[in-house]
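One line per chain: the protein sequences are A and B, in this order.
Start counting the first sequence at 95; every next residue gets the next number (this note's numbering).
Start counting the second sequence at 95; every next residue gets the next number (this note's numbering).
Treat the hints as calculated values from the structure; they're not laboratory data.
All figures in this text were calculated on a predicted structure; none of them were measured in a lab.
Take every hint as true, because none was put in to throw you off.
Any copy will do: because identical chains look the same in the list, a pair fits if it lies in one copy or spans two.
Only pairs whose alpha carbons sit at most 30 angstroms apart, straight line, appear in this in silico DSBU-like list of lysine-lysine:
| # | residue 1 | residue 2 |
| --- | --- | --- |
| 1 | LYS466 | LYS401 |
| 2 | LYS194 | LYS647 |
| 3 | LYS194 | LYS324 |
| 4 | LYS436 | LYS405 |
Number of protein chains: 2
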Amino acid sequence: MRSLGIFALQGGEVQRMKTLQVVMTVLILFFLASFATAQSQPQLNLMPMPASVQPGTGQLSINQSFSVTNTGFHDASLDREVQRFVTQLSRQTGIPFRSKPGSTPTLEIHADRGREAVQKLGEDESYQLTVADSGAKLTAPTSLGILRGLQTFLQLVQITPAGFAVPAVTIKDQPRFPWRGMLIDVSRHFIPIDVLKRNIDGMAAVKMNVLHWHLSDDQGFRAESKKFPKLTGMGSDNMFYTQAEIHEFIAYAHDRGIRVMPEFDIPGHSRSWFLGYPELSSGAGPYTLEGGGIDPIMDPTRESTYKFLEKFIAEMAKLFPDPYFHIGGDEVDGKQWDANPKIQEFIKSRGMKNNQDLQAYFNQRLEKIVAKNHKTMVGWDEILHPDLPKTIVVQSWRGQASLAAAAKQGYRGLLSYGYYLDLMWPAARHYAVDPMADAAATLTPEQKNLILGGESCQWAEWVTPENIDSHIWPRNAVIAERLWSPQEVKDVASMYRRMNAVSYDLEWLGLTHNSARIEILQRMAGSTGVDALRVLADVVEPVKDYNRWDDAKDPIDFHAPLTRMIDAVSPESDTAREFGDLVQTFAQSGYKDQAAEAQIRGYLTTWRDNDARLHPLLEESSLLQEDVPLSQSLSALGAAGLQVLDYLDKGQTAPDSWKTQEMAVIDQAKTRQADMLLMVVAPVQRLVEASAGQSQHN
Amino acid sequence: MRSLGIFALQGGEVQRMKTLQVVMTVLILFFLASFATAQSQPQLNLMPMPASVQPGTGQLSINQSFSVTNTGFHDASLDREVQRFVTQLSRQTGIPFRSKPGSTPTLEIHADRGREAVQKLGEDESYQLTVADSGAKLTAPTSLGILRGLQTFLQLVQITPAGFAVPAVTIKDQPRFPWRGMLIDVSRHFIPIDVLKRNIDGMAAVKMNVLHWHLSDDQGFRAESKKFPKLTGMGSDNMFYTQAEIHEFIAYAHDRGIRVMPEFDIPGHSRSWFLGYPELSSGAGPYTLEGGGIDPIMDPTRESTYKFLEKFIAEMAKLFPDPYFHIGGDEVDGKQWDANPKIQEFIKSRGMKNNQDLQAYFNQRLEKIVAKNHKTMVGWDEILHPDLPKTIVVQSWRGQASLAAAAKQGYRGLLSYGYYLDLMWPAARHYAVDPMADAAATLTPEQKNLILGGESCQWAEWVTPENIDSHIWPRNAVIAERLWSPQEVKDVASMYRRMNAVSYDLEWLGLTHNSARIEILQRMAGSTGVDALRVLADVVEPVKDYNRWDDAKDPIDFHAPLTRMIDAVSPESDTAREFGDLVQTFAQSGYKDQAAEAQIRGYLTTWRDNDARLHPLLEESSLLQEDVPLSQSLSALGAAGLQVLDYLDKGQTAPDSWKTQEMAVIDQAKTRQADMLLMVVAPVQRLVEASAGQSQHN
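Could you build all of it, start to finish, from the sequences and the hints given here?
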């Protein structure tokens, strides 16, 4: 609906938009009704949840005779997609398909028409999927909708007592927002094309449709320019994408229904430009990628800067067919401008008040260059300035208020605040962030239509090709759901259940978010098993927000190994969440639920005994020595928790002295260790407090 | 030494050979002395164990400044190898190397000369590696020796309390046998090139040097022939290697010091040829890849057969540069010959006695064609016939007796008996098989020199690209050791310790023998965790030898999914071996070793409780239902074992009635279930017998 709404606005057909809003409301009500019905049916592991799901009766068997027929539009791109779909289904089920000639196909697909050669913002992605025990049918106005529907079909496949099957269901689906993206920073750590490709596959699986490619920053310039070869020649440590690779990658993404928008971040975050072209900077140079000193900024006062950008942007505008072009524009601290008398003179002579006005001047000139190349300029919050035309798009890392402010001035916007994957937040926290919430909720319908969607952001200070997948997945799937599914889809328990299921699916695509964790632990452990190490790694999380930076030396060495436990562990501990839920259940039962208690006891026993198993290994490995206190804390928590269960079982209250002693253990366990947090402290504390007669039942 | 010996024999320099044998003896004594010394040093995880290892003092740190310099011969192939070595070391350690210009290199390599363009049998693979805390030096007569030495260096790297390091050591090394191969059958199940490539990497890591590529068999013809396109066009289900792929693959293997010898198995095992060319067969046809009925055989009585083979072998001889060409020749059951009156008439008219004589006639003619193309013919045991020239090589699947018989007649031979990976034997059983043992031990030195080495065999009836690695690795590494290391290296405990270490190393190369197991279990489990499933899978093994075939329908459907638990589990259970060792330790202590008892109790408790955790999942998945009795048996064993520990702890003898009852449980647990065996039955039985006062303290 949202995508159609945007078309309406751009075309000025307000009446059509209003009609659609009514239709949308009806659909949402329909969705809520069908969702309620679905609760009593076998749960479907769909993420993002479709707009409408109507369960049926029976199931469609997936066996060796599975086949697909296309009765509608087809082209080479759709044919490839169907082939990939069949390969993926075969991989997921382990079944080599061999349908007999002449047999009835299992799945019929039918698109009315093809796709745009360059995928458009708001291009129709809707589809309808009907599955009965006799067969399935997937229809869509465009082949892009077929792509989305095939991913839904893959998620519906499950193992049953009677083999692999898809439950009977009718799904009508379309996205809530037309712009559902992920930013990947490839500057701070270079991420090779094959790693990007498997992440494109993951994005397609959860129906995201924009890769925002953060191609340059202080630490590296990653896209080949033939006009300015020193950009990568001196600014990339020889780690960059050739134009041929970029071209092929964009085609790869297009095949999967994903736009690729480049970002070249200027005038700040641009040190890597100045190794080859120091004359672009506002300071004297020379510059190194390692950095240090004040952050260099591009010089907006020289005409030569614009001549350079004219040529550069013309070249990149051809290389990247997407109509949107991101120029960054964030975090210009202005110190190099302050330190340059010529620049300060320029500001005064033009009647500008400050550096912000200078950046606005720069952005205005930049926007003209971008527009001349038939592109729409996109930038971060800071570019918002009344002198810029209403065609630009503002990406907000500051929040819905910033987005709403832009919309009120008539600017289109994207939300990234709340979707920063590098902050190590739990999935539920990202899931709770809605582009239309808070300040945005008070916008007029017309203003709301200016909010195009959002983007998750994978900044790459602390990731390598080895562990980037585990920083993105599976949490990125819940952001994808927030941007695709109706706003009303927000049950957290359902989200976690479905996220865990989709996480397994994503491994079948080749993503390594689960497998690489074991690999990294294995490296730390050397030639021994990692079972005991996993017990510890499974209950810790990295410190949150930018707290990891506290211990890091400035400037950060982006070439240092990322091989510590913090680099291996998941941003969110499934085990800790499950344990917390168990303690919650146990507490709600008045500490009487024996099944919950048995499971809690199992965890606590494993933890209590783990340090004895693990300690020798921790001492033997330079990469693990820092984790000794963490392991000791976990075992202490296990012992404390077991003591509580004994008190509870005997109906005793723990002595105050014991409690005081254990609270000291808990306080110790709460402290950050080796840049990580033990995530089972809070539920153990709850048990300890309960043993002392202070429990709250719920 | 062996390789030099062969050169000597071929050159007729008998005196030189004798001198070398003396040197060999001295080296072996030296090795044994140094090996004894090494026992008190930190154990090195080398496999194959080098001929001589002399430990030093201190260690060489591997850090960001690591670099390699080559002071000797170099060419593009060696440069690529060094680059791969550095990449692999970086991957294993997680360290991005950034040595400063002008700093001292960590590792110096020096080869006196290059390699042959087509790798020769017996080409010098020796090397010497010296590691001190100040640096390492690797020298070799040829760049092929450098390849071998770099793999040793990689295996020496370990994590220590002071970071990654290589212990100081002096290694002098060369292979015992010049032919150390692995056969991979790609006919029964097609194995894509990328899967073969990662197995080539694995072979290189354990210093194997021949890939025996079993390219055709009844179920599929896998190598493109441009002269006879219907071979793959009708005989491959469209799963085959193009000539371009083959060419590139051979170069890939050559870069890693591995010869590629093709096998086209005739006149039996050749049904796939006859779909496109039924006139080659001894029956009427038509034929299908699925088979059924009697096994078709090539017709050796028609001249047109030889005309076909002339053209075909000429084409393949060009495609495969290796001087050895394997023609199969095994298991010709002769039924189709018996059923063909013209063929029987041919036998009589030529004065032949039987089908064996007919095959010998065929082989003689075949050998001439092979020789005309400047290749040496290799075949299985059955080709051995006095009419064939002494240049051929006989590969024995029947045993050392067969090999010795050939050697006595002056034929060179290879041992594969005892190295069949598809028989699901434990590593120790393969490890115990020596080409020079049994009948071969009685050969004269000259005859012994005719035994070139051996090959492991990975027949592909029960593997897919997904699980082939876990059927090959890590067991193949111990066969590689048997063929490389001195005969005296045979301590089984040391072998298992080193095999487990090298198994982790192999995963860094991209082999999936560990990771794919989890993947397959995950498929069976659907969207839930696999922890409880792993507990079961970790203590079972596939049935041994060809017992899996008992339950298989004839003809076997080679397109059926291989997605059962038997397809996921390891051929050898590490857990069962460890548990058996623990029970052994416990028994030897007179059932007093408390540490062993605690570990035994831990295992037994997990097993006892596992069926309750696992049962719901088993019922929900069609792929797991057959495993219900197995899971119940494991829990029953766990309960029985725990009861024994209780009796022992109390100093009680178990009642006879209890023992009778538990022996019934044990008998049940011993039966084959879902084509698998529970491998912890024997140690639990030992406990039960001990509880009844029947223990043997040995």
